[in-house]
Amino acid sequence: MSQDVSHTEHGHEDAHEIEHLQAHIKTYWIIFWALIVGTILTVGVPYLIHFENHVYNVILGLAIATAKASLVCLFFMHLNAEKKLIYWMIVLSVFGAISLFILTALAYWDHTLSYEW
Amino acid sequence: MQIPYEVEERPDTGVYNAKLGIWLFLASEIMLFGGLFSAYIFLRLGAPEGSWPDHVLWDLPGLINTAILILSSVTVVLSYIYVKLNNFMMFRVCMIITLVCAGLFMGIKSFEYNGKFHHFGAFMKDTSKPQGYGEQITGHVIGENEDFFLVAADSRQPIDWLSARELKKQSPAHQKLASEHDAVHHGPVFNHPGIIPTGDKYKPKSLEHKIKVAIGKEKHKEHDVFKVMKDQIFRHSMFTPGYNAYFAIYFTMTGLHALHVIGGAVVLAYFCFIDHKRFFTNRKHFGNRIEVAGLFWHFVDLVWIFLFPILYLL
Amino acid sequence: MQEATATASHGDHSHDHHDHEPLSFWSKYVFSTDHKVIGIQYAITALLSLMGGFIMMMLMRWQLAYPGESIPFVGNLLENVTGGAQGGMVVNGVMQPQFYNALGAMHGTIMVFLGVVPLGFAAFGNYVMPLQIGAPDMAFPRLNMASFWTFLPGALIMFLSFLVPGGAAKSGWTSYSPLAATADQPQGPTIEFFSKFLSDEGALFMASIFNGQSLWLIAMVFLISSSLLGSVNVIVTTVQLRAKGMSWMRMPYFVWAILVTAFLLLLAFPPLEAAGIMQLMDRVAHTSFFMPAGLYVGGEVLNSYAGGGSPLLWQHLFWFLGHPEVYVMLLPAVGIVAEVIACNTRKPLWGYKSLVFGSIALGLLSFIVWAHHMYMTGMGAKVSAFFQTTTTIISIPSVIILTALLISLWGGSIRFNTPMLFAIAFLPMFGIGGLTGIPLAFSSIGSYLHDSYYVIGHFHYVVAPGVIFGLFAGVYHWYPKVTGRKMNEFLGKLHFWPTLICMNLIFAPMFIQGMAGMHRRWYDGGATYELSEPVLHWNIVMTWAAFIMFVAQIPFIWNFFTAWFNGQKVGTNPWNATTLDWQTPFPAPHGNFAGPVTVYRGPYEYSVPGADKDYTPQNEPDVIPEKETKEVKA
Amino acid sequence: MLNNLLQITQNASEHGTQIDFFLEAAHWFMLVLFVGWTTFFLYTIYRFWQRRSPKADYNGVQNHASSHIEIYVILIEAVLLLGFAFPLWAKQVNKIPPEGENVLKVHAIAYQFGWFFHYPGEDGVLGRKNPIFISGGDPKSQVGLDRSDPFAADDIVTLTVMRAPVNTPVIVDVTSRDVIHNYAVAHMRVSQDAIPGMRVPIWFTPIRTGEFEIICAQLCGAGHYSMKGILNIQTQAEFQAWAESQAPKKPQAVEPEAPADPPTEPEVTPVEAEGSAVAISSTSGS
Ligand code: HEA
Ligand code: HEA
Ligand code: CUA
Ligand SMILES: [Cu+2]
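Protein chains in written order, with the numbering used here: chain A, 10 to 126; chain B, 721 to 1034; chain C, 81 to 714; chain D, 11 to 296.
Careful, some of the hints might be misleading.
[Said to hold, decoys possible] Straight line, CA to CA, 16 Å or less: simulated EDC-like cross-link-like pairs of lysine to aspartate or glutamate:
id: 1; chain 1: D; residue 1: Lys238; chain 2: C; residue 2: Glu613
id: 2; chain 1: B; residue 1: Lys1004; chain 2: A; residue 2: Glu26
id: 3; chain 1: C; residue 1: Lys324; chain 2: B; residue 2: Glu729
id: 4; chain 1: B; residue 1: Lys849; chain 2: D; residue 2: Asp159
id: 5; chain 1: D; residue 1: Lys105; chain 2: A; residue 2: Asp119
id: 6; chain 1: B; residue 1: Lys923; chain 2: B; residue 2: Glu938
Honestly, the hints are just simulated from the structure, not real lab data.
The structure presented is a predicted model; accordingly, all values stated were derived computationally and were not measured.
Take these sequences, add in the hints, and give me the full structure.
Here's what the structure looks like:
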């Protein structure tokens, strides 16, 4: 739907277009509230649920954050309807970031060392 | 000379130059913050068990700032839509709300920073520990002479950073029992001989304290005052980046993020107040510029969405 | 006039660039937004930096061959410049260890970040790439200018850091922390200087900035920002501004090489920027990102640092850039070599597609091999198995690329002009360098060779007779494009042959020294160690070869400057090349092409059977279908 | 052969033989590739010189020989990886011999610019060390040995010279007290970064006696070039005699298996079996 947004040819908006854009405005506010709820959840969860292992709390917190982030990406940044080229750029940077995270973390775990003096 | 596709989309790629440009820039930004995030992971994994401060920041300002940034994200995308809708009035209103949000964000951030810079912490010597120090005391320095600091100690002390986590592992009944007796209710207790209770009370004057008391986050209107003997201190400082690994990464990440907020706000302000003539001469081009700046702004929001939980909550 | 035509061909008045009125000297040559001028600005800065790196290297080589002997000619000068005897860098004309380390670190940094990358990626990328795809300029001309003007301060800070008290950064180009974090602590004279204007704390703070290592970091932040701007620009230009008909597979290989390089810079550099900021925090704000607790330095435990950091973190972030960086150096050079080879064999490149996909594979893989520089940090079996595998895999695309270039020679009609000599010498030289990378890739034997002169030999073979030769080829090849004059062939050969011989005399013995157990960054060239005894004499050979090589650069420098004014005048397409960079008017105006460009064919249509000349430019319309051409001929 | 041509240092450790073989194999592989390619290269530029080949061939090489060669290259690299690289490294980092019996354990502490070596002494347990105890003076204070730790009483700390008996696996825990160094002994084919805050074990079995140089293989400051240690591989008897001479005198009963060497209590008890085993008594004491 927001494809039209980025496609709008300059200089003319017919009624149809305007309708579309106005529908967008509504979506944005829905997303806004979804994000606010997400934020409250992230804050609330550590108070409400204590997992045996703190790691699960971390994972849950990051999961909510990721969900929120994807809402921002998909709707505010129009990634729900973007050009293929842009997707490729994102795939590349995600590849880079993931290899940086995963491999440094792995290298951390697999060191034959002890952290004592 | 005219650069092609500065305004119009190139048919086979479907984008105009600046749009591809900003996405590439964002890709590099992802890697920039990615570097810092992987530093965070590394530092946190490497921290000795229990020494990573857990939930040490007051989360309310962070929460408000999150909401502010989300709101500004909406308004910035709305301003773009209003450019499309040829509604200059609404464009400007949305943009100004965005800028106000940016200002609020920075205001709250500096309030937080300022609080940290006036917050004191000392690591007490303990040769039986591998790192050379044992207990920590945090609070506000209310007096000092050459022998000791007079510290109004926080209700929740670093020792509780660990015990709070330990506590969570216990059964609910146990937890309830423990929490009734914990430091938050009875004031902090120290074992280190270098920390001497004076029996005095001190009423903090800071705004932060007042708000915390008002919303029930802080149970003590007054803080216990301790003498912290200087010759027993291993290391002491304010809550500056050098205080510990956590504050180092906290200040670096939020500082860099704040620079992005400022940069983004400057650009948006430029479009709102100086470049706005373009709205009437070449609206398509203007819309592109707003879209691109907006993408950057969303990214700033996006980074915060991750920073907030990892630095404030987890 | 061509400018006018180019500008007149469109009528968008909202546009900001107005080239109608004649430009002042400043906006034409200094603050220019023309990609060609910026390219030349980069090229000159980079060549001067290469020169600087070369001179530093010669000082080091003197010390390596004649440890403890005073430096001839310049010893006293250096002593005065670096703060005299109490500066502790050069004493009585004799280089001191700290100065050697500073030279080593700065030689590496300057060669890599100020010499090779700016010349290969920024200068050739800027000058040639838009021409080759038929673009009027870079996509963001002002960003391009900004990129150069962020690069230049970075470069100046880097060079000038030799002059601050305590000297330039001295922890290697890798700047491993905690060495880098604890080196160059605020220097007395600097504090004294600043305390004239500031409070004690302020002076201390300024002194923690104005010292070698901090300035190195600050300069790096400038350089990284500059290359980020540059790479965004390059990618957008390649994707968006290709001329009509210039499909992906019709792009000259050089454009592909630059494109992949730009992606590497874009994605690999930011983590180092983050790391640089963190190390700067360590130095200035007393954090300890890269330092564990309880370091005992200079006679006391560093209590002012909180600890809790990890030295390995720096290494990960550095090498996450560091490895892609080596391909950033390599790929533009390979691109140049491919162009020069295609042009001077008068035939298409063999395996164009394998070159392209090989480079893309190289680019992708280069993100997941970095830890092969860190085998010695106590890496476990699993992770090292992963990195050994990826490192071996990454050598495959290199083999494919090199093989394709080699086979391209077969069946050609090879013109041995200077650019071609440098280009084909690149092949075996890079071959040696690349092949010696293979034993390093295996952690078990790499652990024997790690940090030895074998490694120095490995990478210098790739960067010096490899990449530098590629860049020389580029300079000779595109010189007529820039100046309208050819460089002198005889002087070119006088430059090539001695350089080739000296390069090998310098770097081949390094493999022997390395195998014999000599390690790098040894101020006295190994005299302390008994194991270097049997191979120590090579130091003298290498040093003199380096000096002779410097003499061999004089024809080049002479040639470079004199040919500008009295080189042989040539037309627009002196090499009879097919790619678009040779199809513009001369001198190419701001906006490059006289009119709209349309591309009809692939990049290397040399010696097309049946064509009337042995090259068919990419933009030459197919007036007559090929079949008819044949009939006409028959 | 190629190794010798390149003047490799003479191997002095058990696993070094495999390393040398691997190095040799890798270099042969490289040599073959290099000679093959160079021959082709030289012939091509000779044959297709413009003078001899005035007209270029548009199509060039038509067959796919190069793909076959590339596949062989991949295969050989796979063999090098799976056959040599993985097992060798796995052995180095995973098959560290269990401490105690027949194994000498040493803790190497690098500093700017030199080496300390910390031996567990008779009890076989390294005493606790802590940077906060570091002070100038004797090596023990220099490495921050905690004198209150009972295990520390019999520990030996030496400066610069590390001694080890021949034919005995040696585990060296490498660490640093300031910046990153590297414990490299070329003759032993080992190299390990000494990273502050971490302690990384490496191990090797010396098979020759003699003095070998310990190289600092990581830039560590002004004195890096001269940060040399000595690895003194002695016969077992010699080593034992030295260890005894270092041991503190203790009013304890002489152990049963100790050799007749009355004045000091034995630190090391040799059990000559196949010339490879030496027992560092770890059962008694402590
Ligand atoms: C342009 C630069 C460049 C390039 C291309 C490479 C390419 C490679 N490098 Fe190198 N490397 C460096 C620059 C480069 N390197 C630098 C600067 C360092 C040191 C950094 C420091 O510590 O300061 C280093 C260090 C280094 C190390 C770490 C050593 C150590 O410190 O212990 C390793 C380990 O795996 C390694 C491996 C490789 C491999 C496997 C390749 C492969 O990509 C190579 C693949 C190529 C081939 C396999 C050649 C194939 C050719 C043929 C088969 C044909 C032969 C042709 C003819 C004869 C005509 N390199
Ligand atoms: C691109 C990278 C690059 C290049 C090109 C070079 C080029 C050379 N390097 Fe360098 N070197 C490094 C990168 C590079 N080096 C790095 C990263 C290190 C490790 C640093 C560290 O330890 O941290 C190192 C270390 C290093 C050492 C080891 C020092 C030590 O460990 O103690 C030595 C020793 O001989 C050396 C020598 C040389 C030599 C003889 C050249 C020669 O090949 C020089 C050739 C140069 C030219 C041929 C330039 C010619 C150009 C001109 C003359 C310009 C003309 C100007 C105009 C026309 C205006 N280098
Ligand atoms: Cu220690 Cu180099
Ligand atoms: Cu590498």
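Please work out if Lys1004 (chain B) and Glu26 (chain A) have their alpha carbons no farther apart than 16 Å. holds (15 Å)
With the threshold set at 16 Å, check whether the alpha-carbon distance from Lys849 (chain B) to Asp159 (chain D) stays at or below it. With a Cα-Cα distance of about 13 Å, the restraint between Lys849 (chain B) and Asp159 (chain D) holds, given a limit of 16 Å.
CA of Lys238 (chain D) to CA of Glu613 (chain C), is that 16 Å or under? holds (15 Å)
Are Lys324 (chain C) and Glu729 (chain B) close enough, with their CA atoms no more than 16 Å apart? holds (15 Å)
Taken at face value, is the distance from the CA of Asp119 (chain A) to the CA of Lys105 (chain D) at most 16 Å? Roughly 15 Å between the alpha carbons, so the hint for Lys105 (chain D) and Asp119 (chain A) holds.
Given the hint that Lys923 (chain B) pairs with Glu938 (chain B), test it: the Cα-Cα distance must not exceed 16 Å. holds (12 Å)
The structure fails none of the hints (numbered hints given earlier).
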